[in-house]
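There are 2 protein chains.
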Amino acid sequence: MSSSIVVNEVRRGVYFDSVALMRMSRTIAGGDGVIECGMMMGTPANRRIMEDAGVLADGGRGAANGDLVIAVSAHTQAAADAALAAARALLDAPKAQKSGGAAYTPRTIRAAVAADPAANLALISVPGVFAAAEARKALNRGLNVMMFSDNVPIAEEVALKQFAREQGLLMMGPDCGTAIINGTALGFANVVPRGDIGIIGASGTGIQEVSCLIANNGGGISHAIGTGGRDLKAEVGGITTLMAIDLLDGDPGTRHIVIISKPPAPDVARAVLARVANSVKPYTICFIGGTDEPMPSNAKMVATLEAAAGHALKQTLEREAVTKTGGAAGKFMRGLFAGGTLCAEAQVVLASAGLACASNVPIPGSLPLSASLPGHTLIDLGDDEYTQGRPHPMIEPAVREAPLLAALAEPGVGVVLIDVVLGYGAHADPAGHIVSVLARAQQPHPLVITSVTGTAGDPQGLTQQQAKLRAAGVVVAPSNAAAVRLAIQHISP
Amino acid sequence: MSSSIVVNEVRRGVYFDSVALMRMSRTIAGGDGVIECGMMMGTPANRRIMEDAGVLADGGRGAANGDLVIAVSAHTQAAADAALAAARALLDAPKAQKSGGAAYTPRTIRAAVAADPAANLALISVPGVFAAAEARKALNRGLNVMMFSDNVPIAEEVALKQFAREQGLLMMGPDCGTAIINGTALGFANVVPRGDIGIIGASGTGIQEVSCLIANNGGGISHAIGTGGRDLKAEVGGITTLMAIDLLDGDPGTRHIVIISKPPAPDVARAVLARVANSVKPYTICFIGGTDEPMPSNAKMVATLEAAAGHALKQTLEREAVTKTGGAAGKFMRGLFAGGTLCAEAQVVLASAGLACASNVPIPGSLPLSASLPGHTLIDLGDDEYTQGRPHPMIEPAVREAPLLAALAEPGVGVVLIDVVLGYGAHADPAGHIVSVLARAQQPHPLVITSVTGTAGDPQGLTQQQAKLRAAGVVVAPSNAAAVRLAIQHISP
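Chains as they are written, first to last, in this note's numbering: chain A, 1 to 493; chain C, 1 to 493.
For the record, the hints were derived by calculation from the structure and aren't laboratory data.
Do not rely on the hints blindly, as some may be mistaken.
Note that the list lumps identical chains together, so a pair holds whenever it fits in one copy or between two copies.
Said to hold, decoys possible - Keeping only pairs whose Cα atoms sit at most 30 Å apart, straight-line, the calculated DSSO-like set for lysine-lysine is: (1) 331 x 262; (2) 300 x 314; (3) 137 x 300; (4) 262 x 324.
Quick caveat: nothing in here was measured; it's all calculated off a predicted structure.
Could you build all of it, start to finish, from the sequences and the hints given here?
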C-alpha cells in the first residue's frame, strides 16, 4: 500500500449548504492522485466521520461547529495541493456557478422582505442551531414560516409555534420537508395538478406519496401543509396541525382533507379528532401505526398512505357526483354506449349490485328492451340496428345526439351514463361533441357520468378530454366499471 | 311552416366511405336555406333513413346498393341547387383534400401487394356485401386479414375462417374493430406502450378498455388480436381465438394472455379452455356475462374488463419478481428507505401480513434494531442518526450506497426493498444512481424491489425513472405499499 498525505484547511465562521459541500467533495475526490476528500462543517459528528475516513489532521480536529473543514488525503503532496486548490476554486466561485442560482439572492430576511414586500412566507433551511433565530425574525415581520431545518430542540419548536399562533401565522416545521401552498412546491415536493383534496402531513414523504398517488389516479391537491414530524407529540400538542385544519376547513377550494402522521400522543389525537368532528368536510385519517381513538363520523381511519390516497379519490368522485347533480332527480339510469362491450360490462356491474336492467344487447340475466319499460336501460348504439348504413358512434358521435338529448329530457331519469372512446379511428374530439350537446339540453338535466377509454399518447389526449368533460359538469370516473358503480350509488343513495 | 324543395342526384356504381359521406352531408346541411341533406349509399336501410328524414325523391328511391344518393331538402330551389353543386364539389375534390391521405393509394389488393411485397396483412373495410370477396383475394395472396367490415353473413365468416386456417393465416373479423400487431394499431386502437401482456378479444372496445387500463397503470401490450364478435359462437367454433392462442402461446414476447368475449357457446368455451389448459402461460378469462365452465389452473375468470386489467397487471408484477430473481435466495427482507414515512408504511404492511420486523424508527409493534437480529429490517436512512452533518439520502443518494451494497451481499437476504422519491429538491437522477450501485454489486444478488414516488410532471420524469430501474433488473411496483406486498410474497412463497 502506498503512503498517503493528509492535508486540512479550515475556514472560520462561514456556512455552506451540506449538499453543495458533498457535491464539491465528490468532485475533488475524483481528481488524479486523490484518495478521499471531505468538505464539511466542523461539528463533532462530521469530525468523527472525517476521522473515520482518515482525512482529518490537526487543523481539522480543532475546527468548531461554525467552521468549514476541507480535508484531503492523497498519494502525493502535489496531488494534495492540487486538490486543495481545486476546493478553494469551487468554494470561491460566484454563487451562480455553484448552484445556477438567481441574479440577486437576499442574504437576510430583512433584505428579502424589502426586495418583495408582498411575500408572506419564509422558507428557512439554515442549520438547526441558527434556524430558530431566523424563524423568529420572519414571524416578527408577519411572515408564515416553513422551516426545512432539522436538529432544532423541541423546546424551541414549542416556543416558536406558540409565538406563531399568537400572531395568527403558520409555523410549518422544524423538519418540514414538504409543502405545496397555492400550487407552489416548497422543499421536497412533486408536480401535482391542483384539485380539491387538501393534505396535512407531519411527514414529507408521506405527503409526497399520497399526493403522487392522487395525481397519478386523476385527482389534484388544493394545498399540502407540512407540520414537522413532532407536531403531534405531547410537548407540541398539534399546534400546527390544528391551525392547518382551521385553514383548510375555511378554504373553499378544499373539499376533502387528508391528515398523515405517525401515531400522535393520545391527548393530541383526541384534540385533533375533536377539531375534525367540528368540521363539515370529510376527512381521511392516516396515523401510520394506528390509534385507538374512535373516529368522528366525517372521518375514516386508513392504515397506509396508499389507502389514504384511494379513500380521498373515491370520496372526491362521489362528492363530485352529488355536487354536479343540477336538481333533476330521478331513480332510473339511461346508458348510451358507443362501445358494445362497455355496455355489456355495465350490465355485469348492475347485475352484481342486484339491479335489473334492459338492453338491446342483453347479457344473460338482462331483459330485452321494451318501449314500455320504466327501469334502467343500457343501449349499445354501435349495434347493427343503429349502424346499418350509418357510421359507428365512435367515429361520428353525432349519431348519439338525438338519444342523448332524449335521455337528458326524460322524466324519472337520474343518471345518464355514457362512454367516451379515444384512439386512432375514433372522432377527433368526442368530449367536445358531448359538451356541445349538453349546452343544448334542457336545464336542469340528469347527472351525466362517463369514463374515457384512452391514454396520454392518444391523438385526442386523455387528460384534455377528461378536463373538457369535467368543465361541462360531467363526472369522469377512472374506468367504465367505476362509472357504473358511481351511477348505481347515485340512483340508490 | 314554409314549403320545401327536395332534390336527389344518384351516382351509379361508385363507393364512398360512410364516415366521409356523413361529414360531407353535415357540411352541406349547414348551408344557407338548406333544411336537411343525406349523402348515403343506396341500401334499403339507408333509403328508409332518408325517406324518414323527408329528403328522398323518386331519383333516390330507385337507387341500388352500389349507388350513391345525394338527397337535399331546402327552402328554395336556388338553395337546393347550390347544395347539390356544393355536394358535387366535395365528392369530386382530389382525395388528399377529402381525407388528407397519402400520395398513392392502391385501389386493389393486387396493386397493394405489388406496391409493397413485404406486406403480410390486409385491412379490409369495404361494405359487408363486398368484404368477403376482398378477404378471399387477400388470403389467396398469403395475407393475414383484419376485416373491419360488418354485416357479413355468418356462413361467409365460417367459410373464410376455415379457408384462412387451412392456409395458416389469421382471419381477424368480420366486425373486428381493434387490433394492435407488433405495436401497430389497426382500426380503433389506442397508443399503448409495448409490454408482455397479450390480448385476444372478440370485442373492439373490450380490447381498448383493457389495454388502456393496463397502459395507464404501468403495463404494456405485446399484441392485441381481434377475432370479431361471433368467433365464439357455435357456428364459427372459435377458429380465430384458438389460432390467436397458438400465436401468443408461441410468442416469447407474450408472458400473460387476456381473453375477452361475450359468453361463448358452451362447446366453444370448453374447446378454448382446453387449449388454455395446454399452455404454460397464465391467462385472464373475461367472458362478460360469465360462464359455468370450470377454469384450468393457469386461468382466472374475472367479471369485468376492469378486473381483467387488474389481474393481468398484478400477475405481471409477480412474474417479473420471479423472473428477476437472479439466483440469490434468502428469506429475509432488507428495507433501505430515504423516506421515513415510507419506512413506517412498510412496517404497517408487514405487520398486517403477520410479519415481525425491526427498524431504527420502529412503529408500535415493530422491534428496535439490534446488530444480532436475523429477521426482516426496515431502515430509515433519513433519520437524524444518519443525516447529522450529512445530506439527506433524497438529495444525495450516495449516502445509501454503502448500506445498499452491504444488503446486496448479505447472506440470507432474499429481497432488498428501496424507495425512490422524485420531485423538486430530490436528486436529479436517483434511479441512475441505484443502477450504478447495482452494476458494482456482487452477482447474483438478492431481488431488488422498489416504487417511484413521483409524477409525469416531475423534473426527473416518472416513466423515465421507472424504465431505467426496470432495465437494470429492478422490479418497480406502482406504490410503496404494493412494493412491500410483493416483497412479502417473494420471501414467503
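Check: From the Cα coordinates, with 30 Å as the cut-off, is the pair residue 262 and residue 324 best called within, between, both, or neither?
Finding: Neither: 36 Å inside a chain and 34 Å across chains, both beyond 30 Å.
Note to self: For residue 331 and residue 262, with the copy left unspecified, which applies at a CA distance of at most 30 Å: within, between, both, or neither?
What the structure shows: This pair counts as between: shortest inter-copy Cα distance 28 Å, intra-copy 44 Å.
Next item on the list: Indicate which option fits the pair residue 137, residue 300 if close means a Cα-Cα distance not exceeding 30 Å: within, between, both or neither.
Entry: neither (39 Å within a copy, 64 Å between copies)
Notebook entry, point to check: Is the C-alpha distance from residue 300 to residue 314 at most 30 Å within one copy, between copies, in both cases, or in neither?
Noted result: Intra 12 Å, inter 27 Å, cutoff 30 Å: intra and inter.
When each numbered hint is compared with the structure, violations occur for hints 3, 4.
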